[in-house]
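Participant: Going down the list, the sequences are from chains A and B. With this note's numbering as the guide, the letters of the first sequence map in order to residues 93 to 184. With this note's numbering as the guide, the letters of the second sequence map in order to residues 93 to 184.
Source of the hints: derived by calculation from the structure; they are not laboratory data. Hints may be right or wrong, so weigh each one.
Since copy identity is lost for identical chains, a pair holds within one copy or between any two.
Using 20 Å as the maximum straight-line C-alpha spacing, the simulated PhoX-like pairs for lysine-lysine come out as follows [said to hold, decoys possible]: (1) K143 with K111; (2) K172 with K142; (3) K172 with K146; (4) K111 with K172; (5) K144 with K111; (6) K144 with K172; (7) K146 with K111; (8) K142 with K104.
Protein chains: 2
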Amino acid sequence: MYVISYDITDDKRRQRLAKYLESYGVRVQYSVFETELNEQQLNSLIKGIKKKIKLSEDTVRIYPIQKDLRDRIVTIGIDKGRFYDSEFYIIG
Amino acid sequence: MYVISYDITDDKRRQRLAKYLESYGVRVQYSVFETELNEQQLNSLIKGIKKKIKLSEDTVRIYPIQKDLRDRIVTIGIDKGRFYDSEFYIIG
Chain A
93 MYVISYDITD
103 DKRRQRLAKY
113 LESYGVRVQY
123 SVFETELNEQ
133 QLNSLIKGIK
143 KKIKLSEDTV
153 RIYPIQKDLR
163 DRIVTIGIDK
173 GRFYDSEFYI
183 IG
Chain B
93 MYVISYDITD
103 DKRRQRLAKY
113 LESYGVRVQY
123 SVFETELNEQ
133 QLNSLIKGIK
143 KKIKLSEDTV
153 RIYPIQKDLR
163 DRIVTIGIDK
173 GRFYDSEFYI
183 IG
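If we strip away everything but chain A, and leave its shape as in the complex, we get (with noise of 0.2 Å):
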């Protein structure tokens, strides 16, 4: 599982980047997702990343996060989607 957050100022930019991130994975936060990605997948988003936005002004970060880990990872307050949790939806 991955983590993708970002900071991007311009809001066209933004706005692309969480359009092309949405085909990806979940949106769990204003400007973070959520997402399964194999080794390529995961190449093919860095490239389309770089892609749109702006290397000088932009920032993101993707944080490969360890299968066995995910049960320990916090929510405090409203819970805006979990990427694994839709898998359950997939198998029901």
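Add chain B to chain A, keeping to what the hints say.
Facilitator: Same frame as chain A, now just chain B:
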């Protein structure tokens, strides 16, 4: 290592939480912090966050990052700082 990200609409609450988190770690994006915590520190952090946000409106996520996965954290664009770098400052 832990990553803390938050969505808080109210300016005053958001600033108060950011100030609180600065006592725990490094701010790497507008609403993302990185920090190193033991179990006890994590629990007191969670308690502290609960007192500072409005549980019905705000959302905070705490992600555990396995130590050996740190070097797989990807940064695209500008790098506003990393928690684990600061370890080198202390030794240096």
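Participant: So, for every hint listed, does it hold in this structure?
Facilitator: Here's how the hints hold up against the structure:
For the identical chains of this complex, K143 and K111 are intra-copy neighbours only, at 13 Å inside a copy versus 34 Å across copies, given an alpha-carbon limit of 20 Å. For the homomeric pair K172 and K142, the shortest alpha-carbon distance between copies (17 Å) is at most 20 Å, but the shortest distance inside one copy (27 Å) is not. Taking the shortest alpha-carbon separations for K172 and K146, only the inter-copy value of 15 Å comes in at or below 20 Å, while the best intra-copy value is 28 Å. Taking the shortest alpha-carbon separations for K111 and K172, only the intra-copy value of 17 Å comes in at or below 20 Å, while the best inter-copy value is 24 Å.
Proximity of K144 to K111 under the C-alpha cut-off of 20 Å is restricted to the intra-copy arrangement: shortest distance 11 Å within a copy versus 31 Å between copies. For a Cα distance limit of 20 Å, the shortest separation of K144 from K172 across copies, 19 Å, qualifies, whereas the shortest one inside one copy, 25 Å, does not. For the homomeric pair K146 and K111, the shortest alpha-carbon distance inside one copy (16 Å) is at most 20 Å, but the shortest distance between copies (28 Å) is not. Taking identical chains as interchangeable, the C-alpha atoms of K142 and K104 lie at most 20 Å apart only when both belong to the same chain, with a minimum of 15 Å there against 33 Å between chains.
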